[in-house]
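Participant: From just these sequences and the hints, can you work out the full model?
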Amino acid sequence: MTVAQRYRFIYKPLVFAACLVPLAWLACGAFGWLGATLGVDPVKELEHECGKTALNLLLLTLAVTPVRELSGQPQLLRLRRMLGLFAFFYVVLHFTIYLVLDLELNFATLGADIAKRPYITIGFTGLLLLIPLAVTSTNGMMRRLGRRWQSLHRLVYVIAVLGVWHFYWQVKRDVREPLIYAGILGILLGYRLVRARSRRRDSARSSVRATAAHAAQFTSPSRVGPTLRPSESD
Amino acid sequence: MKVRVPRIAPSDITPEEVYFSRRALLAGALATGASAMLRAAEAPPAAGAPLSYTVNAQYSVKETPNKLEEIAGYNNFYEFGTDKESPSRNAHSLRTRPWSVNVYGEAEVRGNFDLEDLLKGQALEERIYRFRCVEAWSLVVPWVGFPLSSLLARFKPTSRAKYVEFTTLYDPRQMPGQRVPVLTWPYVEGLRIDEAMHPLTLMVVGLYGRVLPNQDGAPLRLIVPWKYGFKSIKSIVKIGFTSQQPRTTWAGAASNEYGFYANVNPQVDHPRWSQASERRIGAPFLAARRPTLPFNGYAEQVASLYQGLDLRRNF
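Protein chains in written order, with my numbering: chain D, 1 to 234; chain C, 235 to 549.
Hint data in this document are derived by calculation from the structure and do not stem from the laboratory. Wrong hints could be hidden among the right ones.
Said to hold, decoys possible - Only pairs whose alpha carbons sit at most 30 Å apart, straight line, appear in this in silico BS3-like list of lysine-lysine:
| # | chain 1 | residue 1 | chain 2 | residue 2 |
| --- | --- | --- | --- | --- |
| 1 | C | Lys472 | C | Lys396 |
| 2 | D | Lys116 | D | Lys172 |
| 3 | C | Lys472 | C | Lys390 |
| 4 | D | Lys172 | D | Lys52 |
| 5 | D | Lys116 | D | Lys52 |
| 6 | D | Lys52 | C | Lys301 |
| 7 | D | Lys12 | D | Lys52 |
| 8 | D | Lys172 | C | Lys472 |
| 9 | C | Lys390 | D | Lys172 |
Facilitator: Dropping the structure here:
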């Protein structure tokens with residue numbers, strides 16, 4: 001089996017099934033299967049569990065790049081789209097439960113909530129920003145957008161910040177759990193910052209080397225070589 | 235989400251009479267006559283033991299009360315953890331007897347009182363009250379208790395007593411949630427003296443005709459039905475009469491979100507969520523949200539207490 005086949009026939013179906021486990025567990029709770037229960041306030045339980053699953057998947061999506069780079073498994077990229085789309089799926093579910101079961105389709109309250117409650121405003125913004133990313137997640141869209149695709153999909157960083165912030169602001173007093181999410185997000189985004197800086201440095205270093213090599217053609221190598229070596233403090 | 239503990243089938247439960255008659259038999263076998271009776275009288279009232287009380291229909295709402303497992307399984311009692319399920323899981327570590335209450339401040343009668351002495355002579359009554367949490371959910375609860383005023387009167391508050399301050403037990407060994415500084419411990423709440431003396435303000439010792447479960451604030455808690463739930467302090471060990479407005483826990487934690495008065499008011503939103511409506515716990519899907527009533531439906535009885543007070547500023 002080639003790597004592509006292994007992903008297609010084994011890993012992807014497994015990840016797909018794993019992403020459905022939270023939904024299946026909530027269904028068990030709703031119907032009282034396997035001893036699961038949604039507790040005294042099932043609406044809040046559904047709402048919060050879908051929201052948290054969405055955040056988990058969003059962070060998992062953002063973990064793909066660091067993990068594939070650090071583990072030397074570039075093929076992991078093949079799983080990222082599915083994780084991202086499942087994050088979107090659970091965000092939509094979270095919002096639908098809020099609108100239908102919590103607000104009971106009271107659209108006036110929905111409007112007031114989005115306009116007046118900062119944590120709902122930022123949560124809703126995150127949901128809206130996810131839509132273009134979901135729509136452009138197909139291979140065809142990737143081809144069509146070319147280089148702009150990657151710029152557009154950097155929006156996911158903003159969305160993840162909005163999502164964690166939404167969680168933090170919704171909590172009444174005990175902010176330990178949202179702070180854990182914030183910490184993980186900080187690591188995932190921080191990794192990218194550090195990597196971008198080191199890449200810039202690498203490219204600067206190689207361009208300096210190129211210049212040095214170019215200069216060496218015109219001057220004595222013994223004089224130019226050592227002085228042009230970039231310092232480590234760059 | 236939690237896994238449900240297997241339910242005990244009703245047929246498996248020993249009927250109370252049989253249970254108590256067995257106990258009586260055992261007690262009779264162990265000791266005779268007076269000594270056994272003495273021991274029974276000294277035994278601490280366990281959570282769930284039946285209480286004798288009268289029904290106060292005048293002060294009861296007509297709505298159907300929530301189920302016991304809802305009232306005792308969905309609690310904000312951060313002393314036992316911040317999840318709604320934590321108190322019912324953890325509150326077994328609370329020892330509700332012996333229990334004493336310290337009375338201090340602007341009153342003629344002060345000192346430490348054993349709970350049994352405080353309860354002596356208090357006629358218990360059942361009142362079915364609405365309970366509205368600041369988080370915009372609500373319950374209907376059949377409390378068993380007595381008016382706070384009849385307790386406070388025994389301490390003979392002086393004319394300098396303008397407020398009453400209540401304090402919850404502080405003991406991290408019994409209340410594991412207090413090991414985490416999510417709030418400033420111990421929990422403190424307070425009322426204006428006229429609010430405290432209002433006939434609706436209840437000292438609660440029971441629920442559904444039985445001794446209060448620990449997670450609902452045993453052995454002694456306050457219920458102020460026209461205020462958000464956090465005002466109704468649980469497991470009280472101190473009652474003080476003060477001339478200054480008490481520094482209450484939630485108001486101290488976030489003064490822009492939680493006020494001293496905390497009267498239920500659909501017109502004044504919490505800065506982060508609306509208070510215009512609430513969800514009734516246990517109500518059927520898509521029929522649980524209902525408009526929140528001013529003073530939680532007790533406006534007729536209590537609105538006059540706040541005449542001339544700007545309720546928007548004094549939220």
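Participant: Decide, hint by hint, whether the structure agrees.
Facilitator: Do the hints match the structure? See the list:
The straight-line distance between the Cα atoms of Lys472 of chain C and Lys396 of chain C is roughly 17 Å, inside the 30 Å bound, and the hint therefore holds. For a cut-off of 30 Å, the pair hint linking Lys116 of chain D to Lys172 of chain D stands: about 17 Å separates their Cα positions. Restraint check for Lys472 of chain C and Lys390 of chain C: satisfied, since their Cα atoms lie roughly 16 Å apart, inside the 30 Å limit. As the CA atoms of Lys172 of chain D and Lys52 of chain D are separated by approximately 16 Å, the hinted pair is consistent with the 30 Å bound.
Our distance criterion of 30 Å between C-alpha atoms is met by Lys116 of chain D and Lys52 of chain D, whose separation comes to about 23 Å. At most 30 Å may separate the alpha-carbon atoms for a hinted pair to count; Lys52 of chain D and Lys301 of chain C meet this at roughly 29 Å. The hinted pair formed by Lys12 of chain D and Lys52 of chain D meets the criterion: a straight-line CA distance of about 22 Å does not exceed 30 Å. Between the alpha carbons of Lys172 of chain D and Lys472 of chain C the distance comes to roughly 26 Å, so the proposed pair stays at or under 30 Å and holds.
A distance of roughly 38 Å separates the Cα atoms of Lys390 of chain C and Lys172 of chain D; the hinted pair therefore is violated under the 30 Å criterion.
The earlier numbered hint that this structure contradicts is number 9, and it is the only one.
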